[in-house]
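Following the hints, complete the assembly by docking chain L onto the known chain B.
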Amino acid sequence: DTAVSQTPKYLVTQMGNDKSIKCEQNLGHDTMYWYKQDSKKFLKIMFSYNNKELIINETVPNRFSPKSPDKAHLNLHINSLELGDSAVYFCASSHQGEETQYFGPGTRLLVL
Amino acid sequence: GESVGLHLPTLSVQEGDNSIINCAYSNSASDYFIWYKQESGKGPQFIIDIRSNMDKRQGQRVTVLLNKTVKHLSLQIAATQPGDSAVYFCAENRGFQKLVFGTGTRLLVSP
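Quick mapping for you: the protein sequence lines, in order, are chains B and L.
Position one of the first sequence corresponds to residue 1385 (the working numbering), numbered consecutively onward.
Position one of the second sequence corresponds to residue 382 (the working numbering), numbered consecutively onward.
Extracted from the complex, chain B is given alone in its bound form (with noise of 0.2 angstroms):
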């Protein structure tokens, strides 16, 4: 069973497109976050989530929006894609006021 479950785990899309990337976990965690893992490996976190509401948002364009419907699930949705915008982006879980966050397998973002 995945505890945490990324989908699509590829994506190669054009310039200027929209695309979404759906994470769940069943793990009965109630906060989860996006993260961005650049060519050099270099892990940053995005976005934060607790119970549906917003607690982390780093400076990130307008263009990511975190949707999460219920606390099992985050999407993150991205408009106007750019070449930049290339990265492996990893959901990951955690229990509230617990520090160990759990990671997904990763969506690999080709913008061509």
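Worth flagging that the hints you see were computed from the coordinates, not collected in a lab.
Which bits of chain L does chain B cover? Going by a derived footprint, with three or more residues having C-beta under 8 angstroms, they are:
1) 415-424
2) 482-488
Simulated pairs of lysine-lysine, BS3-like, Cα-Cα distance not exceeding 27 angstroms:
3) B:Lys1406 with L:Lys423
4) L:Lys452 with B:Lys1425
5) B:Lys1455 with B:Lys1403
6) B:Lys1420 with L:Lys479
7) B:Lys1428 with L:Lys449
Built from N, CA and C at the ideal position, the CB exists for glycine as well.
Just chain L now, kept in the frame of chain B:
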């Protein structure tokens, strides 16, 4: 600015050797640190963590050492195996469950 970083980008060891991966941090207020292992094509996987009121914590074949005086963190892996080959990240909790990751060290284990 404040950052979490690593001294060595790549560490090559022989199978059976002990490995030491180092990490420097600059935020003296950080009270929680965590090590993750990331294998190729996968997401980061929790290895071990430590709070600032401790200076050492041991797991199965892994030990984390924390030196708050010099703001240094290390991960020791005993009897390194080929399956330990991966990129290792240290991270610190900056509050509100915000993890700030270091740049990563690639560990290569030769049989």
